[in-house]
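There are 2 protein chains.
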Amino acid sequence: MAEYTVTPWEVSGKIDYEKLVKEFGTKPLTDSLVKRIEKQAGKSHLFLRRKIFFSHRDLDLVLDGFDKGQKFALYTGRGPSGHTHIGHLVPWLFTKYLQDAFNVELYFQLTDDEKFFVKDLTPEQTRDFAYENALDIIACGFDPKKTHIFLDTEYAKTLYGIASRVARKTTFSTARAVFGFSNETNLGLIFFPALQAAPCFLPSVLKGKNIPVLIPAAIDQDPYWRGIAREAAPKLGYPKPAQIHNTFLPGLGEGGKMSASDPRTAIYTTDDEKAVDKKVGNAFTGGQPNVAMQREKGGNPDICPVMHYFHFLFEEDDKKVEEQIQLCRSGKLLCGEHKKMLAEKVNAFLKKHRQKREKAKKQIEKFMLRD
Amino acid sequence: MAEYTVTPWEVSGKIDYEKLVKEFGTKPLTDSLVKRIEKQAGKSHLFLRRKIFFSHRDLDLVLDGFDKGQKFALYTGRGPSGHTHIGHLVPWLFTKYLQDAFNVELYFQLTDDEKFFVKDLTPEQTRDFAYENALDIIACGFDPKKTHIFLDTEYAKTLYGIASRVARKTTFSTARAVFGFSNETNLGLIFFPALQAAPCFLPSVLKGKNIPVLIPAAIDQDPYWRGIAREAAPKLGYPKPAQIHNTFLPGLGEGGKMSASDPRTAIYTTDDEKAVDKKVGNAFTGGQPNVAMQREKGGNPDICPVMHYFHFLFEEDDKKVEEQIQLCRSGKLLCGEHKKMLAEKVNAFLKKHRQKREKAKKQIEKFMLRD
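If you're matching them up, the sequences are chains X and V in order. Residue numbering for the first sequence follows our numbering, starting at 1 and increasing by one per position. Residue numbering for the second sequence follows our numbering, starting at 1 and increasing by one per position.
Looking at chain X on its own, in the form it has when it is part of the complex:
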């Protein structure tokens, strides 16, 4: 039995990311690649320092091209099946860092069709979630002049034209091998990989010349690029899309990634202070059953979501992260204290985010890409 599952529709179990790099056939993100990005950005990023982005395909080629004057475009996306949680922000915040570093265009796909195909949601519901999610995307601080957000159903005129070219070059057996389609799979979901591949070639179509594309995204989305887009690219005369992959932000429960379908263990950007206090307060930790044992034996930060959150997002200072780990292991830091520290950090972050999200309501049309 597999210890973990990583597919576009299911992520579960204790993921061995090193093994995943081998299984998926990607390459580890080396220190030298990290340095090339940081040099261009003029600053480091904790997602790079802490190997939250850990794997890539052809990133080296994109950087080589950039050094020779070949601008690339960024492409990422979101399946709008619910409200945004802080796990979703990980690739978005990194994409913002990359946009600033390389001063490039970003194409942001909201796959409202996909979520209608796979979930028990109406097209109206996935559309509404898409616009809610768009506010969180904009709140990440992207450049409105260089950022183009679109919903599949609303941008279908342009997307269907490109997707149909991809679809023409993709057989059912290829798609089935990549995604495990069955007889019961609906026709929408079978066609969808072509639609998710389409934005890989959208910059080239819109600009009328070949533009390489770099996709920052969680690694579960890799099959789309590996199995469909990268196969179709040479047949259509476009560059193969490059990728840079992140690990998953864990949920607040024991193991597993943060999932929008479990509201108790996911922190949504729309959660108020009280909700955050409660969710963090109820979080699983690596702590001992009681204070006395914690003081004596110390906690286990390796399995603790509270610690992971500081590491992932909420403590920029590497030394302070290290300090917390030591304090936890030594029993000096109690889980209750640590949770309180985290709730404060999360609430401070979300307060700012919500302000930016509120402002985004007036900016949204500046970002939307229309046919």
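If you are wondering where the hints come from, they were derived from the structure by calculation, not from laboratory data. As the structure is a prediction and not an experimental result, all values here were calculated from the model. Relax, there's no trap hidden among the hints.
Which copy is meant is left open, so a pair is good if it fits within one copy or across any two.
Heads up, simulated DSS-like pairs for lysine-lysine below, C-alpha to C-alpha not over 25 Å straight-line: (1) K235 with K119; (2) K320 with K332; (3) K157 with K207; (4) K119 with K169; (5) K366 with K157; (6) K319 with K51; (7) K157 with K169; (8) K157 with K146; (9) K119 with K157; (10) K96 with K27; (11) K257 with K19.
We have chain X already, so just place chain V on it with the hints.
Here is chain V on its own, set in the frame of chain X:
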């Protein structure tokens, strides 16, 4: 071995239309239904008198509804894989008769995507053929205020939204059973049945209330409606589309329908007089090997495309058709004479058609449905 094949992608052999009605599970077009249409039209139509339209699904329900004040919409289409030939005009001219009779809206789909999925044609080529075909459609005399022509790739924003709802309700196994998809079928073609079904529900979507749809089309298209659209309709809360089916205009060769892929036996609307004279002159006939034998034994009009053409399209007067049949059988009419008569009729028809087609170039935007 099957004596004939009738699928959306292949029509061949000697078709037994009575058997086809049973196989497809449609109903024969009865005299009483014909009378109801003719009464509404205020005039007869040779396509009805001569049973060129011969089969239907739920036409009675559509007429019942109309009698009670429920307007329906017409929907038909064309796969733009080449120039229009006169066989294509059969359902279109009948659709024009129905539009006049019932004073209803017509939605005309040009499936430029489908032809790119199945033929060795580029998207640009199928798009260009679609616009060429649109000129022939308009030349049939449709009411510009009530006729809406669209290309799948250009009207994709609206169509994809509807098609995705159909696709959500259609499993791969259903579509494979209807269309015989294989592992090598491309993803575009697998999704396409949902796109061809979409216009069945387009009038309801555009008008914001349920509008029944009647589809006049050759019977090879029936699997789309039977297998996909009529299955999805109740699940989506729309009326099942009704159909009225025509037989195929034969080609000028021995047996088989007129096919755009065989230019020697197909008469295109763009053929000039010389080309028509040559093609008709080279046509297969039911005649004897030489004049003496023809005079003695007479010809066989049943297998003669020349006779079929008068019967199908080029002789409005039933008595004259009967006369020609008798003259042929008796040996009084020679094939050469008959061909000359036909070429004159065809050229007279095409001369007028080309004039209307030329005018259509200025009218086209009045007819095009845009997102």
